[in-house]
Amino acid sequence: MASPAPKSPEQSERNRKYDRQLRLWGDHGQAALEGAHVCIINATALGTEILKSLVLPGIGAFTIVDGKKVTSEDIGANFFLETDSVGKSRAQIATQMLLELNSDVRGDYIDEEPDQILYNSPDFFNNFTVVVATCLVEKSLVLLSQRLWELNIPLIVCRTIGFIAYMRIQVKEHMVVETHPDNEVPDLRLDKPFETLKKHVDSVNLDELSFKDHSHVPYLIVLYKFLEKWILSKRELPKSYNEKSQLKQMIREGIRRDENDTSNSEENFEEAVKAVNTCIGRTEIPENVMNILNNDQCINLTAKSSSFWIIAKAVRDFVENEGGGLLPLKGTLPDMTADTEKYITLQQIYHKQAIADAEAVWRRTLQLLRQLGKSSDSIPERDVKLFCRHALNIYVAKGTCIADEYDSKIFDASNIVQCLENPESMMVYYVILRGIEKFQTEYNSYPGEFDDQVEPDIVKLKVCITKLLNEWGCGPLVKDDYVHEFCRFGGAELHSVSAFLGGLAAQEVIKFVTNQYKPVHNTFIYDAVTSNSGTFFF
Amino acid sequence: MMGSDHMHRRWSNLRKVLERSGPFCRPDFEPSTETLQFLLDNCKILVIGAGGLGCELLKDLGLMGFRQIHVIDMDTIELSNLNRQFLFRHKDIGSSKAEVAAKFINSRIPGCNVISHCCKIQDKAEDFYRQFHIVICGLDSIIARRWINGMLLSLLVYEDGELDRSSVIPMIDGGTEGFKGNVRVILPGLTACIECTLDLYPPQVTYPLCTIANTPRLPEHCIEYVKVIQWPKENPFECAIDGDDPQHINWIYEKSIERAAQFGIQGLTYRLVQGVVKNIIPAVASTNAVIAAACATEAFKLASSCSASLNNYMVLNDVDGIYTYTYEAEKKEDCVACSQVPKEIEINNPKFKLNDLIEFLCEKPDLQMKNPGLTAYINGKNKTLYMQTVASIEERTRENLTKTLVELGLRNGSEINVADITTPSTIVLKLKFVYCNSDM
Chain A
1 MASPAPKSPE
11 QSERNRKYDR
21 QLRLWGDHGQ
31 AALEGAHVCI
41 INATALGTEI
51 LKSLVLPGIG
61 AFTIVDGKKV
71 TSEDIGANFF
81 LETDSVGKSR
91 AQIATQMLLE
101 LNSDVRGDYI
111 DEEPDQILYN
121 SPDFFNNFTV
131 VVATCLVEKS
141 LVLLSQRLWE
151 LNIPLIVCRT
161 IGFIAYMRIQ
171 VKEHMVVETH
181 PDNEVPDLRL
191 DKPFETLKKH
201 VDSVNLDELS
211 FKDHSHVPYL
221 IVLYKFLEKW
231 ILSKRELPKS
241 YNEKSQLKQM
251 IREGIRRDEN
261 DTSNSEENFE
271 EAVKAVNTCI
281 GRTEIPENVM
291 NILNNDQCIN
301 LTAKSSSFWI
311 IAKAVRDFVE
321 NEGGGLLPLK
331 GTLPDMTADT
341 EKYITLQQIY
351 HKQAIADAEA
361 VWRRTLQLLR
371 QLGKSSDSIP
381 ERDVKLFCRH
391 ALNIYVAKGT
401 CIADEYDSKI
411 FDASNIVQCL
421 ENPESMMVYY
431 VILRGIEKFQ
441 TEYNSYPGEF
451 DDQVEPDIVK
461 LKVCITKLLN
471 EWGCGPLVKD
481 DYVHEFCRFG
491 GAELHSVSAF
501 LGGLAAQEVI
511 KFVTNQYKPV
521 HNTFIYDAVT
531 SNSGTFFF
Chain B
1 MMGSDHMHRR
11 WSNLRKVLER
21 SGPFCRPDFE
31 PSTETLQFLL
41 DNCKILVIGA
51 GGLGCELLKD
61 LGLMGFRQIH
71 VIDMDTIELS
81 NLNRQFLFRH
91 KDIGSSKAEV
101 AAKFINSRIP
111 GCNVISHCCK
121 IQDKAEDFYR
131 QFHIVICGLD
141 SIIARRWING
151 MLLSLLVYED
161 GELDRSSVIP
171 MIDGGTEGFK
181 GNVRVILPGL
191 TACIECTLDL
201 YPPQVTYPLC
211 TIANTPRLPE
221 HCIEYVKVIQ
231 WPKENPFECA
241 IDGDDPQHIN
251 WIYEKSIERA
261 AQFGIQGLTY
271 RLVQGVVKNI
281 IPAVASTNAV
291 IAAACATEAF
301 KLASSCSASL
311 NNYMVLNDVD
321 GIYTYTYEAE
331 KKEDCVACSQ
341 VPKEIEINNP
351 KFKLNDLIEF
361 LCEKPDLQMK
371 NPGLTAYING
381 KNKTLYMQTV
391 ASIEERTREN
401 LTKTLVELGL
411 RNGSEINVAD
421 ITTPSTIVLK
431 LKFVYCNSDM
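Listed in order, the protein sequences are those of chains A and B.
For the first sequence, full-length UniProt numbering gives the first residue as 1, with consecutive numbering after it.
For the second sequence, full-length UniProt numbering gives the first residue as 1, with consecutive numbering after it.
Hints are supplied without guarantee of correctness; some may be wrong.
Taking lysine to any residue and the SDA-like style, the derived pairs with C-alpha atoms no more than 20 Å apart in a straight line are [claimed, not checked]:
no.: 1; chain 1: A; residue 1: K342; chain 2: B; residue 2: G264
no.: 2; chain 1: B; residue 1: K180; chain 2: A; residue 2: T530
no.: 3; chain 1: A; residue 1: K518; chain 2: B; residue 2: E177
Distance ranges between label pairs, derived from CB positions [unchecked claim]:
no.: 4; chain 1: B; residue 1: E363; chain 2: A; residue 2: E243; range: 29 to 37 Å
no.: 5; chain 1: B; residue 1: P110; chain 2: A; residue 2: R14; range: 33 to 41 Å
no.: 6; chain 1: A; residue 1: D202; chain 2: B; residue 2: L209; range: 42 to 50 Å
no.: 7; chain 1: A; residue 1: N532; chain 2: B; residue 2: I143; range: 29 to 37 Å
no.: 8; chain 1: B; residue 1: S305; chain 2: A; residue 2: E455; range: 54 to 62 Å
no.: 9; chain 1: B; residue 1: R89; chain 2: A; residue 2: S408; range: 34 to 42 Å
no.: 10; chain 1: A; residue 1: P122; chain 2: B; residue 2: I115; range: 49 to 57 Å
no.: 11; chain 1: B; residue 1: S107; chain 2: A; residue 2: N532; range: 34 to 42 Å
So, partial list: chain B residues that the calculated Cβ filter (under 8 Å) puts toward chain A [said to hold, decoys possible]:
no.: 12; residue: R84
no.: 13; residue: I93
no.: 14; residue: P202
no.: 15; residue: A213
no.: 16; residue: T215
no.: 17; residue: P219
no.: 18; residue: G243
no.: 19; residue: E258
no.: 20; residue: N279
no.: 21; residue: L310
no.: 22; residue: I322
no.: 23; residue: I347
Since the hints were made in silico from the structure, they are not lab data.
Source: prediction; values computed, not measured.
Each residue gets a CB set at the ideal place from its N, CA and C atoms; glycine is no exception.
Chain A extracted, bound-state conformation (with noise of 0.2 Å):
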């Protein structure tokens, strides 16, 4: 070998430090944490939880806002904040021993209380790309959320009460490229063969090879001349599980024997064989990416549309032309018992059509630029090309507004009242949850906070539910459970179930900032005592 001996890279210090989680969101994800800056409202164990497991993975820089002192009840649940930091600021408290996590980390805090922010300076949550609240009343959670929806920054609520947690995920409109599903559909095209594909594999004859060539025909091969077989004679894909079984048939007949070794069988046949399930569908666009590129959005792009939008329109163009109805080609192949030229011969055609593929979207894009007057350099190619090799699974929501919900005459209560009529409905924590912020709107503490109040509190709980409920058009409560089980718990935060939805909320926060992985749809509701959760959308 001629070529000079490879180097290996120099690795730096952080992206040691960092190594166990760039392996899930890359360096771009990295990239897009360190940028971000997230505000958290309110220091509590569940609001330093969160931001826990974001200083660790190294997220730019946090704000907290609370104008709390430290009481000893925060000290048995909070981790940061230490003994005799009693009587002193949370915000500063909390700060200063999240920052001792990690040296990358920027924070600062704002010793206020959040509604003074809200009233007294609104632009204060202009510049955050996410903004996180715990323990919020009623009407503050209202302005905080209609002013973040005017803005279109993400804001999650996060409340814990016993062993109950709630989250509740505020975003207008999210849109995801790399969703990373589990369980990944390979984009093999046997159905549609794009040209080189289809020379490639014509240019195969299974039935000259040798018995050694023969044995290492990537399946992928194997399973097209044989489905080309199989529609010569019946005109259309194999569908039922009576079609497959044959076809898996007509495989099988296909293995051949060595005869000096009969316990030699051909693995890349038996491979074919399996992938009949999997791999001769029919290629389509799935539908939700369709409505997608059908979005008026996506239609009507405007000079402010997002990048999203315009590369996701350029998409669309690409599938009306030179698409020919289909995506861009993803061009990445399974693993399959082969040799290494035949396997990577393939693996090269499949690559090379999906550059030539994303090269064509990344024209049309260019186009779309100049028609909206954007400057070329506004969307760079490799956001373009990481678009096309994902267009299978990307991902809009759409959210609705926290505000919404505290407004009977918008709000639509329907869901409420159809999950409720299941006894076994985890809704009945969102009502009780609820019905709780009424009544410290109105009692100005907790359901049983106090020792001596449990009893009355019960009742004075269940006037503010029923209240509620009817607002919402509801019957009331079947059992009052529910209703005693949150007054025992007296709106005391353990430690571990603000801990569990602590990382949890974190995780969503580090979906947005880093733009991968869905986000939760829009309100997730867990209870620790049977460690199951569900998730409802308002």
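Chain A is already provided as a structure; the job is to place chain B on it using the hints.
Same frame as chain A, now just chain B:
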């Protein structure tokens, strides 16, 4: 300085749940001030592992009222731990995980008494494990989980075939990988144990030797080739591969790149080389926090009886929204570890050799042994059939591998004692010859 009033208020969150009754409490729960005192003073918890889960667990337990905590971990702190193992700082790199973690917790949470053990779990004997009320595992090793599972099972006391409930030490097991995790509660002898559900663990990814040697297609194949074939042949540093030695990784990276270039294989990166050589599992702070917290909640519920336990397995995945699923893993009637019934092994071929038996023990999904050592009682004598772990015995017993079971003197109904790193106690297997004698 710290008055009882402060103490009183410090635990006021926990006290609400422990000193008040509720409709969902376990029937045996009595609200009282004594429960908190029991947690604070008497309830002894063992945390196994002071890594991603362990750090979180110690914090969670300390703030859920537990103070008598032991932690055991043989590892030292590395730079790549710092993105999630939040009790460690840069200056701690190289120190014992258990020791640094214990020290941190004890200084942050007044009254908390974490005792560290910087050693392997196998270094501790039954008497050590018997002192705990609950054992919580935050491990990444399946073998270690199986070993501690076997240990807790060996502590069970049976009288006239009846299990003495007071000998049951609950085991709470957490595990994470990337954005996925699981929590399970095991009551040894009563509910499904680790071995009952061994087939839940995905098999380790392995590449056939002929692929890596002759027909590599993936960058991983090239790395494996350098690791398995080229390293032993060239022995560049005259020692075994140390995944933490950058010189070793560099050498493997450079050789792998060469091999990949030779075969036209793309996508080989330094990160991938590290991942394959060290078998790195991606990890992030959030998932560890979530799973550890769920484990700590279970410990709190078990120790206080204040509500029902998770029954008995929960999985979590937060890649697509947040998904959790709980179900009851079932106890296996003939589990080798917890059933009290000797496992029967059917032998249907008179030519079955000892070698075949060992391979069978390693590959059977519900046994998955690693390097079993076998002894049996033959003709009135205890005889070692094969043992790999001790070189001199291995040499002496190697010739047995190619003998059939019958040639070794084993008969239908013979019992074989099997020792393996996956269990602290010997497992008894009973041979059942299911072929006709006329076949012989």
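Status of each hint after checking the structure:
no.: 1; hint: A:K342 x B:G264; in the structure: holds, 11 Å
no.: 2; hint: B:K180 x A:T530; in the structure: holds, 19 Å
no.: 3; hint: A:K518 x B:E177; in the structure: holds, 18 Å
no.: 4; hint: B:E363 x A:E243: 29 to 37 Å; in the structure: holds, 36 Å
no.: 5; hint: B:P110 x A:R14: 33 to 41 Å; in the structure: holds, 36 Å
no.: 6; hint: A:D202 x B:L209: 42 to 50 Å; in the structure: violated, 34 Å
no.: 7; hint: A:N532 x B:I143: 29 to 37 Å; in the structure: holds, 32 Å
no.: 8; hint: B:S305 x A:E455: 54 to 62 Å; in the structure: violated, 24 Å
no.: 9; hint: B:R89 x A:S408: 34 to 42 Å; in the structure: violated, 52 Å
no.: 10; hint: A:P122 x B:I115: 49 to 57 Å; in the structure: holds, 53 Å
no.: 11; hint: B:S107 x A:N532: 34 to 42 Å; in the structure: holds, 37 Å
no.: 12; hint: R84; in the structure: holds, 6 Å
no.: 13; hint: I93; in the structure: violated, 10 Å
no.: 14; hint: P202; in the structure: violated, 13 Å
no.: 15; hint: A213; in the structure: violated, 11 Å
no.: 16; hint: T215; in the structure: holds, 5 Å
no.: 17; hint: P219; in the structure: violated, 11 Å
no.: 18; hint: G243; in the structure: violated, 12 Å
no.: 19; hint: E258; in the structure: holds, 7 Å
no.: 20; hint: N279; in the structure: violated, 12 Å
no.: 21; hint: L310; in the structure: holds, 5 Å
no.: 22; hint: I322; in the structure: holds, 5 Å
no.: 23; hint: I347; in the structure: violated, 22 Å
Of the hints listed earlier, those the structure fails to meet are numbers 6, 8, 9, 13, 14, 15, 17, 18, 20, 23, in rising order.
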